[in-house]
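**Q** Residue strings, one per chain:
There are 2 protein chains.
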Amino acid sequence: MDKTKVLAKIAPSRSETASARKIARDTQNSLERHLPGNVKTALAGSVAKGTFLEGAGDIDLFAVFPKSYTKEGMFKKLENAAKKAFPNAPRETGYAEHPYLRLFLGGKRIDLVPSYKMKPGGRVKSSVDRSQLHTEYILGKMKPAQRREVLLLKQFLKANLLYGAEIKRKGFSGYLCELLVLHYGDFEKVMEAASEWKLPVALDPEKHYGPSRAIPDFKAPLTVIDPVDLTRNVSAVITRDNLGRFILLSSSYIGNPSEKYFFPASMDREELREKTEGRFFFALCFERPDVVDDVMWGQLWRVAGRLESFLKKAEFVVLGVHPYATESSCLLLFELRSPVLPKTQVFRGPFLDQHQHISHFIKKHTPPFFFEHGRINAMEDRKLRDISLAIDRFRKGKNFPSHFQHLAQKAKFFAVDSIIEDYPLALEEHFMVNWVPR
Amino acid sequence: MDKTKVLAKIAPSRSETASARKIARDTQNSLERHLPGNVKTALAGSVAKGTFLEGAGDIDLFAVFPKSYTKEGMFKKLENAAKKAFPNAPRETGYAEHPYLRLFLGGKRIDLVPSYKMKPGGRVKSSVDRSQLHTEYILGKMKPAQRREVLLLKQFLKANLLYGAEIKRKGFSGYLCELLVLHYGDFEKVMEAASEWKLPVALDPEKHYGPSRAIPDFKAPLTVIDPVDLTRNVSAVITRDNLGRFILLSSSYIGNPSEKYFFPASMDREELREKTEGRFFFALCFERPDVVDDVMWGQLWRVAGRLESFLKKAEFVVLGVHPYATESSCLLLFELRSPVLPKTQVFRGPFLDQHQHISHFIKKHTPPFFFEHGRINAMEDRKLRDISLAIDRFRKGKNFPSHFQHLAQKAKFFAVDSIIEDYPLALEEHFMVNWVPR
Chain H
1 MDKTKVLAKI
11 APSRSETASA
21 RKIARDTQNS
31 LERHLPGNVK
41 TALAGSVAKG
51 TFLEGAGDID
61 LFAVFPKSYT
71 KEGMFKKLEN
81 AAKKAFPNAP
91 RETGYAEHPY
101 LRLFLGGKRI
111 DLVPSYKMKP
121 GGRVKSSVDR
131 SQLHTEYILG
141 KMKPAQRREV
151 LLLKQFLKAN
161 LLYGAEIKRK
171 GFSGYLCELL
181 VLHYGDFEKV
191 MEAASEWKLP
201 VALDPEKHYG
211 PSRAIPDFKA
221 PLTVIDPVDL
231 TRNVSAVITR
241 DNLGRFILLS
251 SSYIGNPSEK
261 YFFPASMDRE
271 ELREKTEGRF
281 FFALCFERPD
291 VVDDVMWGQL
301 WRVAGRLESF
311 LKKAEFVVLG
321 VHPYATESSC
331 LLLFELRSPV
341 LPKTQVFRGP
351 FLDQHQHISH
361 FIKKHTPPFF
371 FEHGRINAME
381 DRKLRDISLA
391 IDRFRKGKNF
401 PSHFQHLAQK
411 AKFFAVDSII
421 EDYPLALEEH
431 FMVNWVPR
Chain C
1 MDKTKVLAKI
11 APSRSETASA
21 RKIARDTQNS
31 LERHLPGNVK
41 TALAGSVAKG
51 TFLEGAGDID
61 LFAVFPKSYT
71 KEGMFKKLEN
81 AAKKAFPNAP
91 RETGYAEHPY
101 LRLFLGGKRI
111 DLVPSYKMKP
121 GGRVKSSVDR
131 SQLHTEYILG
141 KMKPAQRREV
151 LLLKQFLKAN
161 LLYGAEIKRK
171 GFSGYLCELL
181 VLHYGDFEKV
191 MEAASEWKLP
201 VALDPEKHYG
211 PSRAIPDFKA
221 PLTVIDPVDL
231 TRNVSAVITR
241 DNLGRFILLS
251 SSYIGNPSEK
261 YFFPASMDRE
271 ELREKTEGRF
281 FFALCFERPD
291 VVDDVMWGQL
301 WRVAGRLESF
311 LKKAEFVVLG
321 VHPYATESSC
331 LLLFELRSPV
341 LPKTQVFRGP
351 FLDQHQHISH
361 FIKKHTPPFF
371 FEHGRINAME
381 DRKLRDISLA
391 IDRFRKGKNF
401 PSHFQHLAQK
411 AKFFAVDSII
421 EDYPLALEEH
431 FMVNWVPR
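One line per chain: the protein sequences are H and C, in this order.
Residue numbers for the first sequence follow our numbering, beginning at 1 and rising by one.
Residue numbers for the second sequence follow our numbering, beginning at 1 and rising by one.
Okay, chain H solo, but in the shape it has when bound (with noise of 0.2 Å):
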């Protein structure tokens, strides 16, 4: 496999790069004009390391502030500057664990955080705080060779949907990817090790924990001590499902390596009309709800997790789970063996000498009973025998977590000729991330 002609289309070029520095230092000059004298901005993010992907150059800005001032304090005159240098500029507040402030300028997208200034070592304020070390550390540490492999890094697995540490992906962070390319190496060592990785993994690039001083255990099925940080598990988000997925593809990637890793075909209608056949997939559509993307996310993946035990209580075999969303849509797709289960259930009771729990299940259940190696069953006619059925129950059931309750019962139920018109998108990430080959 050719690399450079990986990087020939992931690397932004030097125009790129330089156009996305300058907005950054005139964006900061304008800034300070504003902003107190003891205060300064710094440049943080991708940008500042020189890792980011081609198109994906957008900015982050700190504003380090001395610790006198409060948290409010600290984004009032964040705020004020900004309306000051850009009285034009499009803004908006976010909102991670404290407001920050979101410019587009030039046809970027420009985050401006409040910060105090850090000391390595110093007790972080916030997850904020600790981002300006990440920048320094990286900055201090990688060698400029090594930036290419954290590119191709991150379109590995951006290209199979493990790239980004928000609670949609529950993936791989951008300062994750570093930290591994700084640790093995270059990208292909990265592959390597991952390929091997028996879980539980834990690293500690900067050797903070050694013979006298274990590793403390994150319950985490990979650990990654943050350099700045001994007491962080940098990849503590990453599902074990999602790190199962990167072993195996950089196992394959290993014993056949290929530029479809980097650039997987997309599917038509066509061809996903054809991989669907004969096999049975559902969507429950709802609106999306009005709020921040990481509360709707772990909200939409808490209804997929309980519909998913729902179903399988039911009796449903569940191949594949996969929410998805676009602006104005939030999807549950799923994917069953069949929407149809057998007449009867069989539930299986107490053993016969659990005098209380016979009677209870006896109570409960439809006679007659069989017996099973000691233990008392049940037969019923199956309640919930076709998914539809299942769904209306679900949707009655209180499964809905604060800003999906209102948009449950308008939700639409799905068949997969409409899904492949509507969203085609979520069921090619459904075979990406559920099936292998997808």
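Since the hints were made in silico from the structure, they are not lab data.
Check the hints yourself; a few may be wrong.
[As the list claims (entries may be wrong)] Lysine-lysine pairs mimicking DSSO-like chemistry, simulated, CA-CA at most 27 Å apart:
1. H:Lys-312 <-> C:Lys-313
2. C:Lys-313 <-> H:Lys-383
3. H:Lys-275 <-> C:Lys-343
4. H:Lys-363 <-> C:Lys-275
5. C:Lys-364 <-> H:Lys-198
6. C:Lys-312 <-> H:Lys-260
7. H:Lys-313 <-> H:Lys-396
8. H:Lys-383 <-> C:Lys-312
9. H:Lys-363 <-> C:Lys-343
10. H:Lys-198 <-> H:Lys-9
11. C:Lys-5 <-> C:Lys-143
12. H:Lys-275 <-> C:Lys-383
13. C:Lys-198 <-> H:Lys-363
14. H:Lys-275 <-> C:Lys-364
15. H:Lys-275 <-> C:Lys-363
16. H:Lys-364 <-> C:Lys-260
17. H:Lys-313 <-> C:Lys-343
18. C:Lys-313 <-> H:Lys-343
19. C:Lys-343 <-> H:Lys-343
20. C:Lys-363 <-> H:Lys-198
Since we're looking at a predicted model, the values are computed, not measured.
For this one, chain H is given, so just place chain C on it according to the hints.
**A** Same frame as chain H, but now just chain C:
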């Protein structure tokens, strides 16, 4: 419930008892005339103890030899004596732990068992030797009124296919019935106690063990220490299934004592047809191999267990298994939820970081694979989709113990109509053993 009415049906008449005892005494006298002077005969078993059910008064006689005789010598002497004493009586040789002689005299089956003279606590050489001690123990302990209670318990068990310690039944021996009545006092008290048993249960009627010497763990759901041999569990053979069913029956009986527990109505073919309507049964029907009962039943149960596991592994829902035999045939009767399974089958695979297992799994199964909570799974067209295919496959495997091997290919597959026609009792027993209410 009127116990007297039950007893009127199950207790032998005065004349039946007298006649059994007379036959026993006459046989003893005739035999002893042809046996060496130092060999005595003794009546044992339920006739000796006065605990036999009406019509079940077969006679067990022990010929008690001095220790100087060999096993073979004892049998030879006994056989010669029997030949001389009853030259015209039909005679056969039976095999338990050791050979014994069976005669048919005056419409009774008489077992003549060679045995060494035992003293209580003496080292038992075989279960036959122990039987003498059992008879002596029960005769010494049991009040005459308790014999009726033993009859009630035996009939209760017999009616529910729980009576008999032979491999066919794996239920309660006559001696165990006697011990339970002695231990708890009477039939009702046995029922009350059993209805509250929480397994494992251990009883030690003669208090061989105590605070300073715990009852050994026989790894059985029910342990009853033999009063005449503290190293033996009288109820070792009872299965957890049978015990569970006994507990459940005791508890129903306590809730609503009724004669139906002693004399369940039998089902005619019409009733069986109604009952089997809309359900799925099949039987695998073998010629009965020409071996002693315990060996035949041991092997029949083994095939039953293997076929059950095989069908469950193939994902059939097994609702009941009942091995059954007549004089000429053996049956494996099965009830399944359905004779047909879904077109596809899901194979659960290893977690994605189990590299060796993953490559093995991927080689063994057909792509595509799907992920589920960190595992890889395969979905393939099912190979054993209906029961006749499954049975064919089972027949081809190494699933048949010695005496069934040559019979497996000729075994017939019976559908429910043929079962009702030819083996209605097999079905009736199945409903009794595997269903409640049947």
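**Q** Among all the numbered hints in the text so far, which are the ones the structure does not match?
**A** Failing hints, ascending: 6, 9 and 10.
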